[in-house]
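**Student:** Chains R and G are the protein sequences, given in the same order. All you need for my numbering is the position in the first sequence, starting with 1, plus 96. All you need for my numbering is the position in the second sequence, starting with 1, plus 96.
In case anyone wonders, no lab produced these hints; they're calculated from the structure. One should not assume that every hint holds.
A pair holds if it fits inside one copy or across any two, identical chains being indistinguishable in the list.
Using 25 angstroms as the maximum straight-line C-alpha spacing, the simulated SDA-like pairs for lysine to any residue come out as follows [to be verified]:
1. Lys371 x Ala152
2. Lys115 x Ile408
3. Lys354 x Ser139
4. Lys313 x Glu262
5. Lys100 x Gln223
6. Lys313 x Ser205
7. Lys153 x Ala175
8. Lys371 x Gly108
9. Lys115 x Ser373
10. Lys371 x Thr298
11. Lys362 x Phe194
12. Lys362 x Asp381
13. Lys115 x Ile372
14. Lys354 x Arg178
15. Lys362 x Thr374
16. Lys115 x Ser205
17. Lys313 x Arg333
18. Lys120 x Asn315
19. Lys100 x Glu262
20. Lys120 x Thr303
Number of protein chains: 2
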Amino acid sequence: MTIKVGILGFGGLGQAAAKLLAGKQEMTLVAIADRDGYAYSSSGLNVSAAIAAYQAKGSVGHLESYGTASQDSIANLIATARDVDGYFLALPNLPNTFMASVARQFIQSGWQGVLVDAIKRTSAVEQLIDLSGDLAAHRITYMTGCGATPGLLTAAASIAAQSFAEVHSVEITFGVGIANWAAYRATIREDIAHMPGYSVETAQAMTDAEVEALLEKTNGIITLENMEHADDILLERLGICDRSRVTVGGVVDTRNPKKPLSTNMKLTGRTFEGKISTHTFTLGDETSMAANVCGSAFGYLKAGKMLHQRHIHGLFTSAEVMPLFVR
Amino acid sequence: MTIKVGILGFGGLGQAAAKLLAGKQEMTLVAIADRDGYAYSSSGLNVSAAIAAYQAKGSVGHLESYGTASQDSIANLIATARDVDGYFLALPNLPNTFMASVARQFIQSGWQGVLVDAIKRTSAVEQLIDLSGDLAAHRITYMTGCGATPGLLTAAASIAAQSFAEVHSVEITFGVGIANWAAYRATIREDIAHMPGYSVETAQAMTDAEVEALLEKTNGIITLENMEHADDILLERLGICDRSRVTVGGVVDTRNPKKPLSTNMKLTGRTFEGKISTHTFTLGDETSMAANVCGSAFGYLKAGKMLHQRHIHGLFTSAEVMPLFVR
Numbered sequence: 097m098t099i100k101v102g103i104l105g106f107g108g109l110g111q112a113a114a115k116l117l118a119g120k121q122e123m124t125l126v127a128i129a130d131r132d133g134y135a136y137s138s139s140g141l142n143v144s145a146a147i148a149a150y151q152a153k154g155s156v157g158h159l160e161s162y163g164t165a166s167q168d169s170i171a172n173l174i175a176t177a178r179d180v181d182g183y184f185l186a187l188p189n190l191p192n193t194f195m196a197s198v199a200r201q202f203i204q205s206g207w208q209g210v211l212v213d214a215i216k217r218t219s220a221v222e223q224l225i226d227l228s229g230d231l232a233a234h235r236i237t238y239m240t241g242c243g244a245t246p247g248l249l250t251a252a253a254s255i256a257a258q259s260f261a262e263v264h265s266v267e268i269t270f271g272v273g274i275a276n277w278a279a280y281r282a283t284i285r286e287d288i289a290h291m292p293g294y295s296v297e298t299a300q301a302m303t304d305a306e307v308e309a310l311l312e313k314t315n316g317i318i319t320l321e322n323m324e325h326a327d328d329i330l331l332e333r334l335g336i337c338d339r340s341r342v343t344v345g346g347v348v349d350t351r352n353p354k355k356p357l358s359t360n361m362k363l364t365g366r367t368f369e370g371k372i373s374t375h376t377f378t379l380g381d382e383t384s385m386a387a388n389v390c391g392s393a394f395g396y397l398k399a400g401k402m403l404h405q406r407h408i409h410g411l412f413t414s415a416e417v418m419p420l421f422v423r
Numbered sequence: 097m098t099i100k101v102g103i104l105g106f107g108g109l110g111q112a113a114a115k116l117l118a119g120k121q122e123m124t125l126v127a128i129a130d131r132d133g134y135a136y137s138s139s140g141l142n143v144s145a146a147i148a149a150y151q152a153k154g155s156v157g158h159l160e161s162y163g164t165a166s167q168d169s170i171a172n173l174i175a176t177a178r179d180v181d182g183y184f185l186a187l188p189n190l191p192n193t194f195m196a197s198v199a200r201q202f203i204q205s206g207w208q209g210v211l212v213d214a215i216k217r218t219s220a221v222e223q224l225i226d227l228s229g230d231l232a233a234h235r236i237t238y239m240t241g242c243g244a245t246p247g248l249l250t251a252a253a254s255i256a257a258q259s260f261a262e263v264h265s266v267e268i269t270f271g272v273g274i275a276n277w278a279a280y281r282a283t284i285r286e287d288i289a290h291m292p293g294y295s296v297e298t299a300q301a302m303t304d305a306e307v308e309a310l311l312e313k314t315n316g317i318i319t320l321e322n323m324e325h326a327d328d329i330l331l332e333r334l335g336i337c338d339r340s341r342v343t344v345g346g347v348v349d350t351r352n353p354k355k356p357l358s359t360n361m362k363l364t365g366r367t368f369e370g371k372i373s374t375h376t377f378t379l380g381d382e383t384s385m386a387a388n389v390c391g392s393a394f395g396y397l398k399a400g401k402m403l404h405q406r407h408i409h410g411l412f413t414s415a416e417v418m419p420l421f422v423r
């Protein structure tokens with residue numbers, strides 16, 4: 097029996113997630129919601145048709161036979177698609193309260209299953225931690241921070257920490273290359289929000305023309321340092337190190353699919369024998385953000401499903417649960 | 097409340113494990129067994145005193161106040177130390193049936209808790225997989241392959257796999273440097289057993305003088321290729337790839353504490369977008385085999401304790417459970 101999966105949000109990330117699922121035997125995509133509608137078929141949705149409907153008419157609500165236009169698409173989908181085992185919340189991280197508000201919708205709906213996010217900001221994860229008891233009480237297993245960073249790289253830090261008696265620093269540096277920023281409008285605005293002089297609110301309010309003008313000035317490059325990234329709180333929660341010792345930065349090239357640098361995680365610590373050393377995890381340049389984020393998210397969804405089957409509910413993070421490979 | 101830990105085997109690995117535990121607040125070393133005796137104190141053993149007793153008189157059975165000489169030390173210790181939460185089986189991997197026979201002793205004893213091994217060979221892990229049902233029925237949570245490789249590096253492979261639709265190869269290459277082989281007599285014989293022309297039996301039967309003579313010929317270097325290592329079966333069990341795609345090799349310098357090469361894991365695969373790429377996890381050269389093996393083992397022991405508390409029993413591996421950092 098396959099795991100029935102839903103995707104909330106059908107922008108660049110949601111569509112990539114759907115394409116990735118099309119190659120999986122162990123998971124079936126049965127539900128999608130975007131801003132203006134939803135689509136549901138208990139026996140599985142055709143990914144190409146769903147993407148075509150979204151691109152042609154702006155919403156999967158227009159997908160023939162299975163789509164429904166709706167201005168309350170998430171709530172309507174949850175109410176309709178009762179047999180979904182788990183949802184990947186491929187939603188914009190902005191506004192910062194959005195993911196927690198969607199989690200609350202699930203709590204209120206009475207649906208029971210697995211939720212996975214690829215959320216980035218510490219403050220957004222804190223809101224989910226506050227919901228931990230409610231999620232557990234409503235038999236929801238919620239996996240947070242399960243993208244690339246936090247996600248894949250946080251998990252690698254969690255493993256790297258095992259060699260050390262004391263962890264001094266965790267440095268995550270990512271390189272992202274995309275041919276055309278317009279395919280990732282929401283993600284790029286999230287990145288801009290981390291730049292000096294910008295906030296979540298001002299970045300979200302920018303028009304496409306304003307984003308274009310900003311990128312023109314930087315030759316398409318966004319350089320980010322000391323970003324507010326939830327890797328810090330996820331590692332602190334596990335007692336690995338204080339959050340101040342975790343730094344995340346990166347370089348995004350919005351005009352070139354080649355990564356400007358190799359994404360990596362370096363963890364430095366002291367062993368019980370008093371030696372200082374650094375373990376390094378480096379991602380291959382050819383793996384896209386979509387492959388690293390969506391692959392991890394579904395690996396954590398499968399792990400969450402195993403927990404849920406054992407009646408283990410509440411909030412879990414990418415740093416404390418091993419993602420399970422999805423065939 | 098701290099986790100009460102026992103160590104079975106008190107050679108190089110067991111002693112390193114004890115020293116590592118001395119720096120941990122969350123774990124207390126309460127029990128040790130070696131070939132000729134055991135020591136137990138519910139409130140904690142003094143690590144230096146235990147090592148001194150072993151080195152001076154050949155067994156912790158001679159430790160003042162807490163030691164008991166015994167020719168059936170493991171069984172006697174299990175029967176005596178009922179409050180141990182988990183044991184690290186820092187036992188020789190040879191003979192190949194030894195770890196499974198110790199697991200059977202625990203099953204028969206009625207003791208309930210967590211067992212962790214740092215076993216290496218595929219065939220040894222297969223024997224434990226066969227015991228999976230018995231372990232579960234007797235409420236034992238057994239974590240297998242939880243050293244460095246398999247262990248730390250297998251876990252890194254499990255995480256790295258998430259970016260890929262299909263995994264083509266996992267290549268683990270280790271470098272080990274030790275100043276003096278005599279401190280790791282059992283481990284070095286296990287390595288020799290992997291060399292062409294040697295078997296587990298012939299390596300185990302070698303006298304110290306014979307080992308010395310062999311190392312003289314190779315200038316102290318042991319080069320190993322295509323080793324029988326359980327990383328293969330652990331990754332295959334999770335559906336990551338066929339065991340034939342996992343290779344383990346390495347170089348051991350028995351006369352120099354500096355590693356002859358950096359231990360690393362390279363996982364190559366194809367993403368859902370059709371790109372071939374390689375993720376790499378590299379251990380810092382300054383981390384010793386002891387730090388990497390024992391650190392991981394106790395991280396998995398803590399994770400195993402969480403499972404046991406949730407009444408989850410049976411056999412688990414380093415590739416499917418996230419080790420938890422021990423403060």
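**Student:** Now tell me, hint by hint, if it's right for this structure.
**Tutor:** Hints, verified against the model:
1. In this assembly of identical chains, lysine 371 and alanine 152 lie within 25 angstroms of each other by CA distance neither inside one copy nor across copies; the values are 59 angstroms within and 28 angstroms between.
2. Taking the shortest alpha-carbon separations for lysine 115 and isoleucine 408, neither the intra-copy value of 30 angstroms nor the inter-copy value of 35 angstroms comes in at or below 25 angstroms.
3. In this assembly of identical chains, lysine 354 and serine 139 lie within 25 angstroms of each other by CA distance neither inside one copy nor across copies; the values are 38 angstroms within and 58 angstroms between.
4. Taking the closest pair of Cα atoms, lysine 313 and glutamate 262 never come within 25 angstroms of each other, the shortest separation being 43 angstroms inside a single copy and 40 angstroms across copies.
5. In this homomeric assembly, lysine 100 and glutamine 223 never come within 25 angstroms of each other (Cα to Cα): the closest approach is 27 angstroms inside a single copy and 35 angstroms across copies.
6. Taking the shortest Cα distances, lysine 313 and serine 205 never come within 25 angstroms of each other, neither inside one copy (46 angstroms) nor across copies (72 angstroms).
7. Proximity of lysine 153 and alanine 175 under a CA criterion of 25 angstroms is satisfied intra-copy only: 24 angstroms inside one chain copy versus 71 angstroms between copies.
8. With identical chains, the CA atoms of lysine 371 and glycine 108 are at most 25 angstroms apart between copies only, with a shortest distance of 18 angstroms across copies and 44 angstroms within one.
9. Within a single copy, lysine 115 and serine 373 get their C-alpha atoms only as close as 40 angstroms, which misses the 25 angstroms cut-off; across copies the closest is 19 angstroms, which meets it.
10. Taking the shortest alpha-carbon separations for lysine 371 and threonine 298, neither the intra-copy value of 46 angstroms nor the inter-copy value of 36 angstroms comes in at or below 25 angstroms.
11. For a Cα distance limit of 25 angstroms, the shortest separation of lysine 362 from phenylalanine 194 qualifies neither inside one copy, at 31 angstroms, nor across copies, at 38 angstroms.
12. Taking the shortest alpha-carbon separations for lysine 362 and aspartate 381, both the intra-copy value of 17 angstroms and the inter-copy value of 14 angstroms come in at or below 25 angstroms.
13. In this assembly of identical chains, the alpha carbons of lysine 115 and isoleucine 372 lie at most 25 angstroms apart only when taken from different copies (17 angstroms versus 43 angstroms within one copy).
14. Taking identical chains as interchangeable, the C-alpha atoms of lysine 354 and arginine 178 are never at most 25 angstroms apart, the minima being 41 angstroms within one chain and 59 angstroms between chains.
15. Taking the shortest alpha-carbon separations for lysine 362 and threonine 374, both the intra-copy value of 6 angstroms and the inter-copy value of 17 angstroms come in at or below 25 angstroms.
16. Taking the closest pair of Cα atoms, lysine 115 and serine 205 never come within 25 angstroms of each other, the shortest separation being 28 angstroms inside a single copy and 52 angstroms across copies.
17. Taking identical chains as interchangeable, the C-alpha atoms of lysine 313 and arginine 333 are never at most 25 angstroms apart, the minima being 39 angstroms within one chain and 51 angstroms between chains.
18. In this homomeric assembly, lysine 120 and asparagine 315 never come within 25 angstroms of each other (Cα to Cα): the closest approach is 38 angstroms inside a single copy and 50 angstroms across copies.
19. In this assembly of identical chains, lysine 100 and glutamate 262 lie within 25 angstroms of each other by CA distance solely across copies; the values are 21 angstroms between and 41 angstroms within a copy.
20. For the identical chains of this complex, lysine 120 and threonine 303 are neighbours neither inside a copy (37 angstroms) nor across copies (53 angstroms), given an alpha-carbon limit of 25 angstroms.
Checked against the numbered hints listed earlier, the structure breaks hints 1, 2, 3, 4, 5, 6, 10, 11, 14, 16, 17, 18, 20; every other hint is satisfied.
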